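Number of protein chains: 2
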Amino acid sequence: MITIAVDCMGGDHGPRVTLAACRSFLENHPEARLLLVGPAEPLSGFAHDRARVVAASEVVGMDDPIEMALRRKKDSSMRVAIEQVKGGEAQAAVSAGNTGALMAIARYVLKTVEGIDRPAIATQLPNASGGATTVLDLGANVDCTAEHLLQFAVMGSALVSVLRDEANPTVGLLNIGEEVIKGNEVIKKASELLRSAANSGDLNFYGNVEGNDIFKGTTDIVVCDGFVGNVALKTSEGLASMIGGFLKEEFSRNIFTKISAICALPVLLAFKRRVDHRRYNGAALLGLRGLVFKSHGSADELAFEQALNRAYDAARNQLLERVQARIVHAAPLLAGVAVAE
Amino acid sequence: MITIAVDCMGGDHGPRVTLAACRSFLENHPEARLLLVGPAEPLSGFAHDRARVVAASEVVGMDDPIEMALRRKKDSSMRVAIEQVKGGEAQAAVSAGNTGALMAIARYVLKTVEGIDRPAIATQLPNASGGATTVLDLGANVDCTAEHLLQFAVMGSALVSVLRDEANPTVGLLNIGEEVIKGNEVIKKASELLRSAANSGDLNFYGNVEGNDIFKGTTDIVVCDGFVGNVALKTSEGLASMIGGFLKEEFSRNIFTKISAICALPVLLAFKRRVDHRRYNGAALLGLRGLVFKSHGSADELAFEQALNRAYDAARNQLLERVQARIVHAAPLLAGVAVAE
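Chains as they are written, first to last, in the numbering used here: chain A, -12 to 328; chain B, -12 to 328.
None of these hints come from the bench; they were simulated from the model.
Here the structure is a predicted model, which means the values were calculated and not measured.
Please note: incorrect hints may appear among the correct ones.
Remember, identical chains collapse to one label, so a pair may be satisfied in a single copy or spanning two.
[Claimed, not checked] DSSO-like cross-link-like pairs, simulated, lysine-lysine; straight-line CA separation at most 27 Å: (1) Lys73 / Lys203; (2) Lys245 / Lys175; (3) Lys61 / Lys203; (4) Lys245 / Lys203; (5) Lys203 / Lys176; (6) Lys98 / Lys73; (7) Lys259 / Lys245; (8) Lys61 / Lys176; (9) Lys245 / Lys235; (10) Lys60 / Lys176; (11) Lys60 / Lys98; (12) Lys259 / Lys175; (13) Lys259 / Lys203; (14) Lys98 / Lys61; (15) Lys235 / Lys203; (16) Lys73 / Lys259; (17) Lys61 / Lys73.
Excised from the complex, chain A in its bound form:
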């Protein structure tokens, strides 16, 4: 039986969305239990024999500074949810709250795995080859060193080998066009480190990839620093939203286009389902001594349930142990690098 601790107060919509998603999740997972974390009042209406409320008197706001969330709100639903993982009451925690606060609290409460300096945020994006590309880091770390990028590659490989059942997933290092000046010094050094990791069997390093390779699906994993990853992710969100808007506008321009929309409705719905970003909700915080998943703050019921699903799959497949095993295996490499620095 897997137990997930849910920060019911996080995200733009709070319990209205999180509780609805929890109910649906419990129906779809007869083997799962939930710990619903938050103030008693808003959660009191929820009754289920596999769910239990864990009281937390405070809530981390979406705009709360990290320091305040970490130092002042010690009884926040976010923190108490993570403490359930620390204490062993839950195998994973899920929150749609403030990313910076979640990362800081998770790091403070759970600590990082030996060999990992900084946790990273990893998510999966759909790709043209019909699968998904795992990208990390997505914003937990700016100003990464080559050694950090190597750590991300090791953790990303573990994640994909567990969640997608790929024994030896390929890793690409995000760089810029070959025809332009080839990347900065950090990337050049990271490329060397990844190559030696590949030689020692710790990674399946494909080589450098470019931005378009993320959605092309050239590699299973794309590694980059958090600044670049965050920009790539947000830019994609903006573009997808613009394209969706244009399509809608063109189909609702006049009576004729509206008729053709009705005619094309089944196709449009199939298309919409296929590019539905909600299906890709749920980013893993990797490198911690416990499983934490981050949902998009604006997640609706379907999206938040997807984040719960990911946390459940990760716990069920022993993601934590398997990430740690990979890191232990790569320890000589990671340590050698740290010494060489």
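Dock chain B against chain A, hints included.
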């Protein structure tokens, strides 16, 4: 009369595409002249009273290292085209060749404007508000300092004020989510510099923006370092291509979906036209003492003609002089920054 020097040999398709685009461009611009640069043989078939072949015996390959293009191929079509601008025979040069080589040769032949350390590549991307967002740098510079980002902002403002007739276009500094650690040290410093530039009337600084703001159209200009800009651009290309592919697949799935595609054809064509990246082809190399435009290497006739159009508009609207005037106006600021460093 405006004269444009065209590197007819650049790009994936060479003269087959460039010459066809040149012919169409001349038909659409009765006031324009073209200098067709390349080896005599492939260009000899082109006859037009407003076009003249300028001989160049060498061609820069798409994979040529920058050093080779710059030092060994002194009679390349790319270089000779740029030399036409230097010598005053043409008011702008256009090439679809290797970006790194183009930037290096343009910088070597034309030199940068006083006050600008590094040229930048700027392009326009469509946005949801129906306009276009100008983004720079797109890959000419990795490892930028805050001062470089300020220079890009000044140059981008000049470009937009000329090409889009916006007297005081807004500038956004590309950063990552507020909820995460707020950008790196360079971005923090650049933000301060841009704020003081706004105070002295050299810029209309909006503040920080995120990746999704590019396609939302939050600001007229988005400034970032070349690594981040290149990744954002390429990621967008990959996503747009994936979405287009999905839409096509869904409409060609079976006989019923194919019928609905026919029914929806006018809408789909209108949509396709709207998101057609070829309409946005033609990036400006800014900060040089001469106008150079870069076309996408894979440009077809329509796309390459669009790059010619941009170069023509820039030359006709005295982009060069106006960018220089902006830089002169901002000179005390740019110099103050350089000294303060």
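*Of the hints given before, which are not true for this structure?*
1, 2, 3, 8, 10, 12 and 16
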